[in-house]
Amino acid sequence: MTKVEMTVNGKQVSRDVEGQTLLVSMLREDLRLTGTHVGCDTSQCGACVVHVNGKSVKACTMFAIEADGADIKTIEGMAGSDGSLSVIQSAFQEHHGLQCGFCTPGMVMTAANLLKDNPKPTEAEVRHYLQGNICRCTGYHNIVKAIMAASGQDVSAIAAE
Amino acid sequence: MPKDTGIGASTRRREDVRFLKGKGQYTDDIPPAHDQAAAVFARSTVANGVIKSIDTSVAESMPGVLAVFTGADFADVGGNPAGWLINSRDGEPMKEPKRPVLAHGKVRHVGDAYAAVIAETEKQARDAVEAIEADIEELPAIMDVKAALTSDNFVHDEIGTNQCFDWGWIEDNRRATDDAIKGAAHVTTLELVNNRLVPNAMEPRCSMASYKESSDEYTLHTTSQNPHLTRLLISAFVMGIPENKLTVIAPDVGGGFGSKIYHYGEEALVLAAAKRVGRTVKWTSDRTEAFLTDAHGRDHVTTIELATDAEGNFLAFRTETYANVGAYLSNFATATPTFLHGTLMAGNYTVPNVYVNVKAVFTNTAPVDAYRGAGRPEATYSLERVIDKCARELGMDPIALRRKNFIKPDQYPFASAAGLEYDSGNYDALMDKMEEVADVAGFAERRKASEAKGLLRGFGVNAYVEACGIAPSNLVGVLGSRVGLYDAATVRVNATGNLSVMVGAHSHGQGHETVFPQIVADMLGIDAQSIDIVHGDTSKIPFGMGTYGSRSLAVCGSAVVRATEKIIAKAKKIAGHMLEAAETDIELKDGQFSVVGTNKGVSFGEVALKAYIPHNFPIEDIEPGLEETAFYDPANFTFPSGAYCCEVEVDPDTGKVRVDRMTAVDDFGNVMNPMIVTGQVHGGLGQGIGQALLEAARYNEDGQLESASYMDYAMPRADDLPFYIVDHSQGTPCTHNPLGAKGCGEAGAIGSPPTVVNAVIDALQSGGKNVTHIDMPLTPHRVWSAVNNA
Numbered sequence: 000m001t002k003v004e005m006t007v008n009g010k011q012v013s014r015d016v017e018g019q020t021l022l023v024s025m026l027r028e029d030l031r032l033t034g035t036h037v038g039c040d041t042s043q044c045g046a047c048v049v050h051v052n053g054k055s056v057k058a059c060t061m062f063a064i065e066a067d068g069a070d071i072k073t074i075e076g077m078a079g080s081d082g083s084l085s086v087i088q089s090a091f092q093e094h095h096g097l098q099c100g101f102c103t104p105g106m107v108m109t110a111a112n113l114l115k116d117n118p119k120p121t122e123a124e125v126r127h128y129l130q131g132n133i134c135r136c137t138g139y140h141n142i143v144k145a146i147m148a149a150s151g152q153d154v155s156a157i158a159a160e
Numbered sequence: 000m001p002k003d004t005g006i007g008a009s010t011r012r013r014e015d016v017r018f019l020k021g022k023g024q025y026t027d028d029i030p031p032a033h034d035q036a037a038a039v040f041a042r043s044t045v046a047n048g049v050i051k052s053i054d055t056s057v058a059e060s061m062p063g064v065l066a067v068f069t070g071a072d073f074a075d076v077g078g079n080p081a082g083w084l085i086n087s088r089d090g091e092p093m094k095e096p097k098r099p100v101l102a103h104g105k106v107r108h109v110g111d112a113y114a115a116v117i118a119e120t121e122k123q124a125r126d127a128v129e130a131i132e133a134d135i136e137e138l139p140a141i142m143d144v145k146a147a148l149t150s151d152n153f154v155h156d157e158i159g160t161n162q163c164f165d166w167g168w169i170e171d172n173r174r175a176t177d178d179a180i181k182g183a184a185h186v187t188t189l190e191l192v193n194n195r196l197v198p199n200a201m202e203p204r205c206s207m208a209s210y211k212e213s214s215d216e217y218t219l220h221t222t223s224q225n226p227h228l229t230r231l232l233i234s235a236f237v238m239g240i241p242e243n244k245l246t247v248i249a250p251d252v253g254g255g256f257g258s259k260i261y262h263y264g265e266e267a268l269v270l271a272a273a274k275r276v277g278r279t280v281k282w283t284s285d286r287t288e289a290f291l292t293d294a295h296g297r298d299h300v301t302t303i304e305l306a307t308d309a310e311g312n313f314l315a316f317r318t319e320t321y322a323n324v325g326a327y328l329s330n331f332a333t334a335t336p337t338f339l340h341g342t343l344m345a346g347n348y349t350v351p352n353v354y355v356n357v358k359a360v361f362t363n364t365a366p367v368d369a370y371r372g373a374g375r376p377e378a379t380y381s382l383e384r385v386i387d388k389c390a391r392e393l394g395m396d397p398i399a400l401r402r403k404n405f406i407k408p409d410q411y412p413f414a415s416a417a418g419l420e421y422d423s424g425n426y427d428a429l430m431d432k433m434e435e436v437a438d439v440a441g442f443a444e445r446r447k448a449s450e451a452k453g454l455l456r457g458f459g460v461n462a463y464v465e466a467c468g469i470a471p472s473n474l475v476g477v478l479g480s481r482v483g484l485y486d487a488a489t490v491r492v493n494a495t496g497n498l499s500v501m502v503g504a505h506s507h508g509q510g511h512e513t514v515f516p517q518i519v520a521d522m523l524g525i526d527a528q529s530i531d532i533v534h535g536d537t538s539k540i541p542f543g544m545g546t547y548g549s550r551s552l553a554v555c556g557s558a559v560v561r562a563t564e565k566i567i568a569k570a571k572k573i574a575g576h577m578l579e580a581a582e583t584d585i586e587l588k589d590g591q592f593s594v595v596g597t598n599k600g601v602s603f604g605e606v607a608l609k610a611y612i613p614h615n616f617p618i619e620d621i622e623p624g625l626e627e628t629a630f631y632d633p634a635n636f637t638f639p640s641g642a643y644c645c646e647v648e649v650d651p652d653t654g655k656v657r658v659d660r661m662t663a664v665d666d667f668g669n670v671m672n673p674m675i676v677t678g679q680v681h682g683g684l685g686q687g688i689g690q691a692l693l694e695a696a697r698y699n700e701d702g703q704l705e706s707a708s709y710m711d712y713a714m715p716r717a718d719d720l721p722f723y724i725v726d727h728s729q730g731t732p733c734t735h736n737p738l739g740a741k742g743c744g745e746a747g748a749i750g751s752p753p754t755v756v757n758a759v760i761d762a763l764q765s766g767g768k769n770v771t772h773i774d775m776p777l778t779p780h781r782v783w784s785a786v787n788n789a
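Respectively, the protein sequence lines represent chains A and B. In terms of numbering that gives the first Met the number 0, the first sequence is residues 0 to 160. In terms of numbering that gives the first Met the number 0, the second sequence is residues 0 to 789.
Just chain A, with the same shape it has in the complex (with noise of 0.2 Å):
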């Protein structure tokens, strides 16, 4: 077992784990903070995206010792402290841009980093950014809509009903 710690959601945690332990296995049982979800066992499907200082990381692919010292945001830490949606999760919901919410969480986080580093993306920019997470419920078109309209581009000639 090893010692680590780390700040997750601006809180300062202190763990014993295993070696073999990953970062998403430390989140969700340990800390259980279960908005991160495992979907996958190859590392594709990006329902794990969390931010490991400030970048997106898939938490299926991170040891937890490898976090150790690190700075983590989950999705739990995306809304308001006073509980209110951030741009982005209010953007998903105003755009339907979720359906079982399985998916979401990894869309979310990833969406925040990409904003971060390209404010304004283009439809193919956005749509490449998202090729390590996968929906099997929205067909994508509301997910782009939503990503796009918190970006503050105006999304009223995407079709939407």
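FYI, nobody ran anything at the bench for these hints, they're computed from the structure. Even glycine gets a Cβ: it sits at the ideal position worked out from N, Cα and C. Mixed in with the good hints, there may be bad ones.
[As the list claims (entries may be wrong)] The list that follows gives simulated cross-link-like pairs (lysine to any residue, SDA-like), each with its CA atoms no further than 25 Å apart: (1) Lys-432(B) with Ile-157(A); (2) Lys-72(A) with Ile-29(B); (3) Lys-22(B) with Ala-156(A); (4) Lys-122(B) with Gly-18(A); (5) Lys-2(B) with Val-154(A); (6) Lys-10(A) with Asn-312(B); (7) Lys-2(B) with Ile-157(A).
[Stated by the list, open to error] Simulated DEER-style distance windows between Cβ atoms: (8) Gly-53(A) with Ala-71(B): 54 to 62 Å; (9) Gly-476(B) with Ser-42(A): 29 to 37 Å; (10) Lys-97(B) with Ser-42(A): 32 to 40 Å; (11) Lys-10(A) with Gln-24(B): 30 to 38 Å; (12) Asn-493(B) with Asp-81(A): 51 to 59 Å.
Dock chain B against the given chain A, drawing on the hints supplied.
Coordinates of chain B only, in the frame set by chain A:
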């Protein structure tokens, strides 16, 4: 003006808030019980084998191990049943070999579980699984559906064949269909494969059971689309636990698409384990397990013939299908290629003769069952591909050929030659709207632009009609169903005026928490925020058959309406008493009960309170309380229909296909929440385009699943798909349910695959490549090969 609230409004979803914040509670998220234990399965690595022995002694003695189960432990337990009896053409009932909880005697597909370890932790269970010594004598794998029928190597030795059934529909029409084809001026023939798919809901399956010895009660939390059905199957057929001793709870579920309808052996195992070890036992699938064991979809090999006269009038469709059912019969596996497939083989058309033959075949592959569309995508694909080929052969425009044969709006109700009665529709209006919103007229210019870039551009079209809102119990009972397919709702008005609506449907992405309250609020004239639904817990809901087959609105929604009507009737009685008027003089408007023609009124809230504080109440006439239940059995299927078109660009050098435009014009009757309905179409389109271009569950000749992870199975990503154009303005209301609603959940997956393939063929033909068909998925390699071998 679009509505703000109530029926027809695009009300934003209230369930989104918890999902967006990561506060959803999926089964694997449930906090561990104080006595939590883990189950891990030992699964076959060969497709076909005789289990000579299983030595669990080492595993049993490993750290943390609480118990080890093998098939022998379940020898006296019932098998997982087939839910629909199909009779073969010779009158013989279908073969129903036992599907045990754990494989016993033989393993029959890669991934078939033959043992399970229960341990303190998942890691300890996994280690112990590896210590199980199973002596399995490998046999040749039975993989090809046609070869399986003449082989004497049987998936199930006890039935002496690999044929489950050989079904014909409608037998009485067979001779006339054969004659029509013999005498026809023109016959188009097409051989096609409807490719095997893996549903791949993003949440893997998970089941967790606990047993309370003091009351002999079990609780099962499981990723299910239909907790009551799961309870019924476990109770009546498998474990024999009385229904009143078994609670099944499906909390938040991350997608299903059919794969989570079925009862699976893992559910029975964790229940048995919870009792044996006296602990809460949980199993969570990983993605590889999901690929190997979740019910797969489609997998038909079909020959279809279309006979026409010289002018292109359809005279007959005749099909022969080999349907792979896999190693075991999953619960709806026998209905999917028969009564959800053959009955749609007249399509949107007035064709007078239809005959369908389906041979269902066992192979050493995962069980195959309903997956988004469940038989209807298979029917539509066969029809719309052969029609397209016929159009080319006759030199007719593909839209004109379809219109020529469409059922016309004044012909409803229409008895199709495949045995269903369609209630309403207007296929010409759909096609007109499609031509408009898809800017079909502009295609020629867009083709020139693509060609200038060195790309071929194709236009593909499709019409579909499908049968959903599953299902009228009397009808399906006559056809062999062993379950009823009604649904139920209880509307409970609380004393303080808010409502709980218990529904038998289950939401795993469909937005029920938002839509059902919209309906009730609309009917009562009250704020939808005061209405909450309860779903997914058999201990809180009278009954339900769950969510699949695009039925939640048409069937459960109708039950909600009927229960609310009963509430209104009783509330009027109470209001009449309160207002000293006859109940027939009471009207309800905007949440107020008033005496017609007067200002005298009471609010819904006042009536609710009175019902629960019944002072000065006419107890001879009215019981206290305000709660009503309705069970609703639909009179018929609902028949959504659509006109879809698609434009693709094909790179002739690489074979790469890109969907540039995808238009779906659907008739869903009355639409409750346009935003949610559109979202359902989007999702179906994504899956349908995935089937057409990307997805294939591929087994090799030894029965190894070569596409058992997201590295090898091409799931559509955001950059594989375009924005869609969706329209449902041309709805013709369903004539037989109180909402006038037709199901919408599967349409996108039904209409899109033939549309895409038709477009690719059109693209290649426009470039002078003489290709008339390519089997799905139209990967670059397949398209390139077709072009270069043409």
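These are the hints, each one checked on the structure:
Restraint check: the Cα-Cα separation between Lys-432(B) and Ile-157(A) comes to about 18 Å, which is no more than 25 Å; the hinted pair holds. The straight-line distance between the Cα atoms of Lys-72(A) and Ile-29(B) is roughly 22 Å, inside the 25 Å bound, and the hint therefore holds. For the hint linking Lys-22(B) to Ala-156(A), the alpha-carbon distance of about 33 Å lies beyond 25 Å, and the restraint is violated. Of the pairs offered as hints, the one joining Lys-122(B) and Gly-18(A) holds, with about 14 Å between alpha carbons and a cut-off of 25 Å not exceeded.
Taken as a hint, the Lys-2(B) and Val-154(A) pair is honoured in the structure, with Cα atoms around 21 Å apart against an allowance of 25 Å. With a C-alpha separation of about 72 Å, the suggested pairing of Lys-10(A) with Asn-312(B) is violated against the 25 Å cut-off. As the CA atoms of Lys-2(B) and Ile-157(A) are separated by approximately 20 Å, the hinted pair is consistent with the 25 Å bound. Our hint of 54 to 62 Å for Gly-53(A) and Ala-71(B) holds, since their Cβ atoms are close to 55 Å apart.
For Gly-476(B) and Ser-42(A), the hinted distance range of 29 to 37 Å is not satisfied, since their beta carbons lie about 48 Å from each other. The hinted range of 32 to 40 Å is satisfied by Lys-97(B) and Ser-42(A), whose Cβ atoms lie roughly 39 Å apart. Roughly 22 Å separates the CB atoms of Lys-10(A) and Gln-24(B), a value that falls outside the hinted 30 to 38 Å. A C-beta distance of roughly 29 Å is found between Asn-493(B) and Asp-81(A), which places it outside the suggested range of 51 to 59 Å.
The structure fails hints 3, 6, 9, 11, 12 (numbered hints given earlier, in ascending order).
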